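Enquirer: The listed protein sequences correspond, in order, to chains A and B. Numbering of the first sequence is given in my numbering, commencing with residue 1 and proceeding in unit increments. Numbering of the second sequence is given in my numbering, commencing with residue 1 and proceeding in unit increments.
These aren't lab readings, by the way, just hints derived from the structure by calculation. Treat each hint with caution, since some may be false.
Said to hold, decoys possible - Ranges of calculated distance between the beta carbons of each label pair, as one might list FRET restraints: (1) Ser81(B) x Thr58(A): 43 to 53 Å; (2) Val20(A) x Ser58(B): 45 to 55 Å; (3) Met15(B) x Ser53(A): 24 to 34 Å; (4) Tyr96(A) x Ile38(B): 39 to 49 Å; (5) Pro8(A) x Lys78(B): 37 to 47 Å; (6) Glu56(A) x Ser55(B): 26 to 36 Å; (7) Ala79(A) x Pro2(B): 35 to 45 Å; (8) Ser81(B) x Gly16(A): 33 to 43 Å; (9) Ile38(B) x Asn22(A): 19 to 29 Å.
To be verified - Covered by chain B, per the in silico footprint, the following chain A stretches (three or more residues, Cβ under 8 Å): (10) 40 to 52; (11) 59 to 65; (12) 88 to 101.
It should be emphasised that the depicted structure is a prediction, and the values quoted were computed from it without experimental measurement. Ideal Cβ placement from N, Cα and C applies to all residues, glycine included.
Take a look at the letters that make up each chain.
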Amino acid sequence: KQEVTQIPAALSVPEGENLVLNCSFTDSAIYNLQWFRQDPGKGLTSLLLIQSSQREQTSGRLNASLDKSSGRSTLYIAASQPGDSATYLCAGLMEYGNKLVFGAGTILRVKS
Amino acid sequence: EPEVTQTPSHQVTQMGQEVILRCVPISNHLYFYWYRQILGQKVEFLVSFYNNEISEKSEIFDDQFSVERPDGSNFTLKIRSTKLEDSAMYFCASSLAKNIQYFGAGTRLSVL
Numbered sequence: 001k002q003e004v005t006q007i008p009a010a011l012s013v014p015e016g017e018n019l020v021l022n023c024s025f026t027d028s029a030i031y032n033l034q035w036f037r038q039d040p041g042k043g044l045t046s047l048l049l050i051q052s053s054q055r056e057q058t059s060g061r062l063n064a065s066l067d068k069s070s071g072r073s074t075l076y077i078a079a080s081q082p083g084d085s086a087t088y089l090c091a092g093l094m095e096y097g098n099k100l101v102f103g104a105g106t107i108l109r110v111k112s
Numbered sequence: 001e002p003e004v005t006q007t008p009s010h011q012v013t014q015m016g017q018e019v020i021l022r023c024v025p026i027s028n029h030l031y032f033y034w035y036r037q038i039l040g041q042k043v044e045f046l047v048s049f050y051n052n053e054i055s056e057k058s059e060i061f062d063d064q065f066s067v068e069r070p071d072g073s074n075f076t077l078k079i080r081s082t083k084l085e086d087s088a089m090y091f092c093a094s095s096l097a098k099n100i101q102y103f104g105a106g107t108r109l110s111v112l
């Protein structure tokens, strides 16, 4: 059974800092991995998707990496801004089936 | 940009009542999903639907739950007899294939 863990659970940084959010998974039979942003009481906004055959994916100030063999993904946010404050979730889609398995999220606060 | 829409945004019901949560997936998508998030917990998979039938379901998705695609655009989740522990945010998602899943803003279900 796939388990997804995110570290740290919460992170507070000053504006302008670069930061890394971590996601680990127990089952390497990952088809792809998605990073989401969730604002309080709101839905899930897809940020990046990395296929299992890829190592990295970039969108603006965001860069996500995937290492299937070690069971890890990271989300790098460059030059953080107060508007980046939200919960960031990673979710793995398994090679078998179509369900996403989510981590508990990292709550990010960027202070101005 | 196409989006997944969910109605209502908030549903309050009495324990034992039936509720129907509604979703309009992105129009050319073929796979449809329901997830839920109990307050303070992880997002959990409930069910996936493809080609007019359930393709996968979780242990949570017991006989109290059902899904339907009554026409070419709507996708519904019915909870037959709600329990207090069904209180959660319910998310609908859709995808074109085994790739990015796009999520709606969610329906907050409160069972009193």
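Enquirer: All hints are to be evaluated individually against the structure, with a verdict given for each.
Expert: Consistency of the hints with the structure:
1. Take Ser81(B) and Thr58(A): their Cβ atoms lie about 48 Å apart, and the range 43 to 53 Å holds.
2. Between Val20(A) and Ser58(B) the beta carbons are some 31 Å apart, a value that contradicts the proposed interval 45 to 55 Å.
3. The hint said 24 to 34 Å for the Cβ distance between Met15(B) and Ser53(A), and at roughly 48 Å that hint is violated.
4. Evaluation of the 39 to 49 Å hint for Tyr96(A) and Ile38(B) yields a failure: the beta carbon distance comes to about 26 Å.
5. Look at Pro8(A) against Lys78(B): about 39 Å separates their beta carbons, and that is inside 37 to 47 Å.
6. One distance hint, 26 to 36 Å for the beta-carbon pair Glu56(A) and Ser55(B), holds here, with the actual separation near 31 Å.
7. A hinted range of 35 to 45 Å is violated for the C-beta pair Ala79(A) and Pro2(B), which are about 30 Å apart.
8. A hinted range of 33 to 43 Å for the beta carbons of Ser81(B) and Gly16(A) is inconsistent with their spacing of about 53 Å.
9. For Ile38(B) and Asn22(A), the Cβ-Cβ distance of about 24 Å falls inside the hinted range of 19 to 29 Å, so the restraint holds.
10. Residue count for the segment 40 to 52 of chain A with a Cβ under 8 Å from a Cβ of chain B: 7. That meets the three needed, and the coverage hint holds.
11. Requiring three or more residues with a Cβ within less than 8 Å of a Cβ of chain B, the coverage given for the segment 59 to 65 of chain A is violated, as only 0 such residues are present.
12. Evaluation of the coverage hint for the segment 88 to 101 of chain A: fulfilled, as 8 residues show C-beta separations to chain B shorter than 8 Å, against a requirement of three.
Checked against the numbered hints above, the structure breaks hints 2, 3, 4, 7, 8 and 11 and satisfies the rest.
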